[in-house]
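Peer 1: Spelled out from the first residue to the last, the chains are:
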Amino acid sequence: MTSDDPKEAVHTLPRGWRGRTLSREALTGFLFILPALIGFVLFYLIPVFRAVEISFTDWNLLRPPKGVGLENYGRLIADENFWHSLRVTGLYVLYNIPIQTALGLFLAVLMDRVVRALWLRAVIILPYLLSSIVAGMIFVWLTNPQLGYINAFIQGLGVERQPFFGSPDQALASVAAVNIWKHMGLTALLFYAGLQSIPRSLYEAASIDGSSEWHTFWHITLPLLRPVMAFVLVTSVIGSFQVYDMIAVTTGGGPVDATRVIVWYISENAFNFLRMGYASAMSVVLFLILIAFTLVQMRLLRANQSDLG
Amino acid sequence: MQQLAQKVGMLAISGLLGTALAQTEVSYWLWDANQKPAYEACAAEFNKQNPNIRVKIEQKGWDDYWTSITTGFVAGTAPDVFTSHLAKYPEFALNNQIVDLTPYIKRDNLDTKIYYPGLYDLWGKDGKQYGLPKDWDTVAIVYNKKMLREAGVTEAQIKNWTWNPKDGGTFGQILARLTKDKNGNNALSPRFDPKNVVQYGWVSPNGGGYGQTEWSWLAVANGFKFNDGPWSRKYYYDSPKLAETIQWLADLGLKRGIAVPFKDLPTSGGVEPLFTSGKAAMMPQGSWMITYFRDNTKFEYGWAPLPIGPLGRKSMFNGLADNIWVGSKKKEEAWRWVRFMGSPACQNIVGSFGVVFPAIKSGVDAALKAHASKGIDVSAFTTVANTPGATFLFPIADKASEVSSIMQAAMDSIFLGKVTAVDALREANAKVNALFR
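From first to last, the protein sequence lines stand for chains Z and H.
Following the working numbering, the numbering of the first sequence begins with 901 at its first residue and continues without gaps.
Following the working numbering, the numbering of the second sequence begins with 90 at its first residue and continues without gaps.
So here's chain Z without its partners, still in its complex pose (with noise of 0.2 Å):
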């Protein structure tokens, strides 16, 4: 190929060829996908495999891997720490998501219609550049009854101190709590650049209309956000449902086993009783679970469609 130019290249093959081979827009295309499916392909793909197939297996790491058939899967059914684990994570899902994307969508619309300033964006996205360890640490002696501001704070006002993280009834709730302080800012920040695409005479005809600002979010802003929460939605339930990190650093599955979320309990189970088989059979659980959500969450939202046309 000598030309650079595509149009020139395309008229100089015969006809025909681009029906029967990749074009070169697509080959293109596919060279600027690559880097990523790459990694798709190593990272998710070939392990996703790879743990089905130890699901079915006893494997403890330091011994070869033993065929057991569906035996994990039938003693997952029996295991009683494993449902509750999955309400645990049920209930952290139901916690963070409605707040989480209501006080992002609060934000964006603020951003947008009230005071569309870049500092305020940079702060709103502060937490989310906090890593989870660093937030959770800091929550966590923050919240402490005996030496955290945030507890002196409540007891100035005349209420008794607070566990939060040192009480099986609280420690959900409050995890699920620093994990919305951290996350509200991103969201609130797709949520704003949602906003953008929708055009200004829209509003300015809602308003000439003489549709109140309540109104015009109901019937304007939140009808062409739709593909936007889709997304918001989508992933922000799947980071939910894989919450870890935030459990590791604030209260490792406890007190009792109040915060033993899904992942928690899979990784105690490979890598501190060495159930490798086990834990792979509740991964794929877990990612069955995890596709099925999505799916219904895309049906619902029509995510693929916008009703800008």
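Note that these hints are calculated values from the structure, not bench results.
Some clues are possibly wrong.
Stated by the list, open to error - Listed below are several chain Z residues computed to face chain H (Cβ distance under 10 Å; list not exhaustive):
#: 1; residue: 956
#: 2; residue: 957
#: 3; residue: 961
#: 4; residue: 962
#: 5; residue: 1041
#: 6; residue: 1060
#: 7; residue: 1067
#: 8; residue: 1073
#: 9; residue: 1154
#: 10; residue: 1157
#: 11; residue: 1168
#: 12; residue: 1174
As the list claims (entries may be wrong) - Here are some chain Z residues the structure puts well away from chain H; computed CB gaps all over 10 Å:
#: 13; residue: 1017
#: 14; residue: 1031
#: 15; residue: 1093
Said to hold, decoys possible - Derived DSBU-like pairs: lysine-lysine, alpha-carbon spacing no greater than 35 Å straight-line:
#: 16; chain 1: H; residue 1: 214; chain 2: Z; residue 2: 966
#: 17; chain 1: H; residue 1: 520; chain 2: H; residue 2: 125
#: 18; chain 1: Z; residue 1: 966; chain 2: H; residue 2: 323
#: 19; chain 1: H; residue 1: 450; chain 2: H; residue 2: 145
#: 20; chain 1: H; residue 1: 149; chain 2: H; residue 2: 368
#: 21; chain 1: H; residue 1: 507; chain 2: H; residue 2: 488
#: 22; chain 1: H; residue 1: 344; chain 2: H; residue 2: 149
#: 23; chain 1: H; residue 1: 420; chain 2: Z; residue 2: 966
#: 24; chain 1: Z; residue 1: 966; chain 2: H; residue 2: 125
#: 25; chain 1: Z; residue 1: 966; chain 2: H; residue 2: 520
#: 26; chain 1: Z; residue 1: 966; chain 2: H; residue 2: 507
#: 27; chain 1: H; residue 1: 418; chain 2: Z; residue 2: 966
#: 28; chain 1: Z; residue 1: 966; chain 2: H; residue 2: 419
#: 29; chain 1: H; residue 1: 217; chain 2: Z; residue 2: 966
#: 30; chain 1: H; residue 1: 149; chain 2: Z; residue 2: 966
Given the structure is predicted, the values throughout are model-derived calculations rather than measurements.
Where a beta carbon is used, it is the ideal one built from N, C-alpha and C, also for glycine.
Here the structure of chain Z is known, so what remains is to put chain H in place on it, guided by the hints.
Peer 2: Chain H only, in chain Z's frame:
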């Protein structure tokens, strides 16, 4: 002439390369960052004696450490030699991942009597030996001197204090005297308000299934035993002796306002700051924490011996050793490094850093000298170690991680006041013993 110079130069280069290539590198891992400088000094000395072996030391935090080692066994990236723990090595030994050192010990005619009694046997099973002892630890109680004075408690009183699960003995009384509510009443006063405590007498986590520093010393002094000795497959967590001990400890925080309530403890990063910030007057600690308190305590503090229980004074006596991985391609060199770490030469060096108590007497003397030069009296740890019958060993057994997980949940629920110790421990013991069926 020029040619000669060239030849000499080339010879010199090949000579240098030759020594570099002949040097075998032995990789060595440990988890305690505080001990790294001591072992680096040992490795330097070792390299002087064995110029063809170089030791590469790497440190990783406790959780990461064990994951890296177990996955390293499979991936082929585990270190040649690594510091091991009594809670972990049984699993490695049962799965044939660590080298039996007996042939080397016999071949080199090693004197295994040089170690503190009991330590050597902790690292062996069925005539096989997996490690040479390198250090040991016991438990004592760290206290805030000013709070002691203010409460009118003398240092002589805490040298011979006693404990029993019925009325807590003088130990219980002293903890109560060290506890103050916001009106200045101590916990012995009838006007004491356990809801508004400004200074606690005691702070400690609950200790999970082993309670090495948290409860094992009280429970064993009360007649509890974990199991029937090393490698046993049955635990006695349902013992009434354990239940009454645990209930007494839990009630300090739940009912009496003497200990910082369990739910108020930081869930991550250790509870030591509650002592070093002056919220609590006393806490139980292991000897490996001596340097932590030396470096982080901004007030006058001291180390008191454990209280004397119904069966006397009892401390867990635990120790570390080094294991060689079966997959190591340099077992001979690895063995020489292990042998050196188990020898007086290295243990005297480690002792002089004052971070741990070495497994050989002369090393301990070096450690005592190091502490004395800093003005710290650590006799509370050494006296109990040297008193016959005053120590008991870590309950070595398989499945330690699963036992820990079950027991941690049980202890949490007791210390949170959700269940009584009797009920929780009976149920947990059944689950633990089911693991071995």
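Peer 1: Determine for every hint whether it applies to the structure shown.
Peer 2: Status of each hint after checking the structure:
{"no.": "1", "hint": "956", "result": "violated, 18 Å"}
{"no.": "2", "hint": "957", "result": "violated, 13 Å"}
{"no.": "3", "hint": "961", "result": "holds, 5 Å"}
{"no.": "4", "hint": "962", "result": "holds, 4 Å"}
{"no.": "5", "hint": "1041", "result": "holds, 7 Å"}
{"no.": "6", "hint": "1060", "result": "holds, 9 Å"}
{"no.": "7", "hint": "1067", "result": "holds, 5 Å"}
{"no.": "8", "hint": "1073", "result": "violated, 14 Å"}
{"no.": "9", "hint": "1154", "result": "holds, 6 Å"}
{"no.": "10", "hint": "1157", "result": "holds, 5 Å"}
{"no.": "11", "hint": "1168", "result": "holds, 7 Å"}
{"no.": "12", "hint": "1174", "result": "holds, 7 Å"}
{"no.": "13", "hint": "1017", "result": "holds, 36 Å"}
{"no.": "14", "hint": "1031", "result": "holds, 14 Å"}
{"no.": "15", "hint": "1093", "result": "holds, 35 Å"}
{"no.": "16", "hint": "H:214 <-> Z:966", "result": "holds, 27 Å"}
{"no.": "17", "hint": "H:520 <-> H:125", "result": "violated, 39 Å"}
{"no.": "18", "hint": "Z:966 <-> H:323", "result": "holds, 27 Å"}
{"no.": "19", "hint": "H:450 <-> H:145", "result": "holds, 27 Å"}
{"no.": "20", "hint": "H:149 <-> H:368", "result": "holds, 31 Å"}
{"no.": "21", "hint": "H:507 <-> H:488", "result": "holds, 27 Å"}
{"no.": "22", "hint": "H:344 <-> H:149", "result": "violated, 40 Å"}
{"no.": "23", "hint": "H:420 <-> Z:966", "result": "holds, 29 Å"}
{"no.": "24", "hint": "Z:966 <-> H:125", "result": "violated, 40 Å"}
{"no.": "25", "hint": "Z:966 <-> H:520", "result": "holds, 25 Å"}
{"no.": "26", "hint": "Z:966 <-> H:507", "result": "violated, 41 Å"}
{"no.": "27", "hint": "H:418 <-> Z:966", "result": "holds, 27 Å"}
{"no.": "28", "hint": "Z:966 <-> H:419", "result": "holds, 30 Å"}
{"no.": "29", "hint": "H:217 <-> Z:966", "result": "holds, 28 Å"}
{"no.": "30", "hint": "H:149 <-> Z:966", "result": "holds, 31 Å"}
The earlier numbered hints that this structure contradicts are 1, 2, 8, 17, 22, 24, 26.
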